[in-house]
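Undergrad: Listed below are the residues making up each chain.
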Amino acid sequence: MLEKEWILALASVSFAAVALLFQTAVSWGGGRKDHSVRAGSPLRGVIYNFTSAMKPSHKETARLHLVKFTVGVAMHLGILTAIAELILLIVDPSFEPWRSVVLGSVFGVAALCGLYLFVRRLLSATLRGISSIDDYVSVLLVIGFLVFAALEELGVVERSAFFICSAVLFFYLPLGKLRHAVFFFMARMDYGRRLGHRGVYPPKCGKVPPNA
Amino acid sequence: MSDDAVSRAARDALRRAARGLGAYHLNACVKCGLCGETCHIYRAEPVPENLPGAKASEVISFFRRYHTLLGRLAPFLVGARSMTAENLDDLVETVYGRCTACGRCGVNCSVGIDVGTVIRVGRNILAAAGKVPANLQAVVDNQLKTGNQMSIEPAELKETAAWISEDLRLEMGNDEVTIPVDEPGRRVFYLVNPREVKFFPLSLSAAAGVFHAAKESWTISSRFYDVTNYGLFSGDDNAAAEITRQAIDEATRLGCQEIVLSECGHGFRSFRWEGPNWLGKPYEIPVRSILEVMLEYVRSGRIKLDPKKNKDRVTLHDPCNLVRWGGVSEPQRELLRLAVADFQEMTPNREQNFCCGGGGGMLSMSEYGDRRIGSGKTKADQIRATEAKIVATPCHNCADQLLELNKHHKLGVEIQAVVELVYNALL
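If you read the sequences in order, they're chains A and B. By my numbering, the letter at position 66 of the first sequence is numbered 66, and the numbering carries on one by one without gaps. By my numbering, the letter at position 194 of the second sequence is numbered 1194, and the numbering carries on one by one without gaps.
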């Protein structure tokens, strides 16, 4: 019985990986050569954009919305950990999970964070106004994934249930906004590279000035 | 154009704009809604339509419709919209009237999306569809037809240069000071904002004074001297390329070795960074801002400054296109520290500065005038907090907006170009 769910999970992760790779290649489209003479280091720009630029001290959206920012980070850390566990289980079906209360709690807290963001989207008129069905479906799938990861970790549900839930998420992942899982990195890399090329990043003043 | 033709042209423009790295940004928005306070327009008018994420989403909705699977099969699921004439009309106010493409939301975006570039994709689409606001398009047309945005004839330019030179000779007590026009073989080809020629000659005069003091070999052209490029704002890359080409060809024709740009935020970004890409090849001639050149004069001892000659407190407004998009943030600061006695930074500044509200071509679109002035409140508050008497800004567009903010918010300040303060401080 588990073999079918294992195949399903493997197929979904493979589908997501291939589809995202395809989308990335199409988006790159051969790239765009920058003909301007550079004034800074694109590499340093990328490094800055993936490190200091993401700290609340440097990023106003994080600084002004520290709770939401922290909730978002917690949810994503939980997702990444759950994905790592899923991949471990796919690679080695005989792998026995740790049945760790700590890991189960991490997934559970991440699921609660996802629920908070879902409810916030429902309650905020501004967010409702810019949201499509995809925005709700995506976060619900993520919450489901985290809940099943937590329950599987705690031994409450069978691994097959976790595989099925994961498959639903991964088959949907490249289709909606969840593809930001890849495009987050691509966008941030591109932006950092461009601002590094122009000498904007890293900032020359050494520290980012405080917010008004 | 028929509705079909409009839709086709817009889709082609989207395809061109999305090809390459632009598509990364169009695929990455999660609509987290945290970006509101980063936008000067949203801060002044906090309605959902002004949320940067909402503005970007409008452009992205078209991308999803034609470039994603779910957008093609079930557009309602992902909020994808077709490029009908009506939907494109809706986009006009969003990308031209609710956004100056200043990029502040981008550098603060929780994901890292270059929202300014996404907005410009929207402008690319509308330019192809012939839906650029009429007043903005008129500026682009002027530049293409006459070589400058204010349609100033070469004879008028020469006449203006002559009387500014005359005044400067009297002021400096030196008969050799002049504004050279169409002089071949000079080292520097200087591009100015037509606003300097038409309404505010002090900055051109000051630049001439600084060039003279530094013993620079320079000239302007009577035909192509405009540093501005409203193709950047309209989203018409072909027009922007042509405007760039005119100036580059003129510098080459005159045999100059370097192009120096007057204080103009979007002019710097256009010529320094976007121009080579619009033309599809690198320039054969280097381009610098006059700020960088003046700092070089100071460092090499070609000019000397006395800060006591500018006694009043001076603050600095960072033009978005020069600083956040252009990377020139320090030369103006170094110059001001050397040229004025009391320099006070605004907060925040540099790549975190707030747009004055006049960027993105907003000054040319009178239909959005009230929003433009209203959105400048954040900048007015920043200026007031410094208690400065003079606001220096290396951008003529910003200067125009700051002049209006000064009146509207009763700030009681003077607006000056950096070169004016440097000229005042010359020893």
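It should be emphasised that the hints constitute simulated quantities derived from the structure, not laboratory data. Just so we're clear, the structure is a prediction, and the values are computed from it rather than from any experiment. It is possible that some hints are incorrect.
[Stated by the list, open to error] Which chain B residues stay away from chain A? Per the calculated CB distances, all over 12 Å, these: (1) CYS1032; (2) THR1068; (3) SER1110; (4) LYS1281.
[Stated by the list, open to error] Below, a list of computed lysine-lysine pairs in the DSS-like style, where the Cα atoms sit at most 30 Å apart: (5) B:LYS1389 to B:LYS1309; (6) B:LYS1145 to A:LYS204; (7) B:LYS1281 to A:LYS33.
Even glycine gets a Cβ: it sits at the ideal position worked out from N, Cα and C.
Undergrad: Evaluate each hint against the coordinates.
TA: Against the structure, the hints:
1. CYS1032: The claim is violated: B:CYS1032 sits with its nearest Cβ about 7 Å from chain A, within 12 Å.
2. THR1068: violated, 8 Å
3. SER1110: The claim is violated: B:SER1110 sits with its nearest Cβ about 5 Å from chain A, within 12 Å.
4. LYS1281: B:LYS1281 is in fact no farther than 12 Å from some Cβ atom of chain A, at 6 Å.
5. B:LYS1389 to B:LYS1309: holds, 14 Å
6. B:LYS1145 to A:LYS204: Violated - the C-alpha atoms of A:LYS204 and B:LYS1145 are around 40 Å apart, more than 30 Å.
7. B:LYS1281 to A:LYS33: Status holds; Cα separation ~9 Å.
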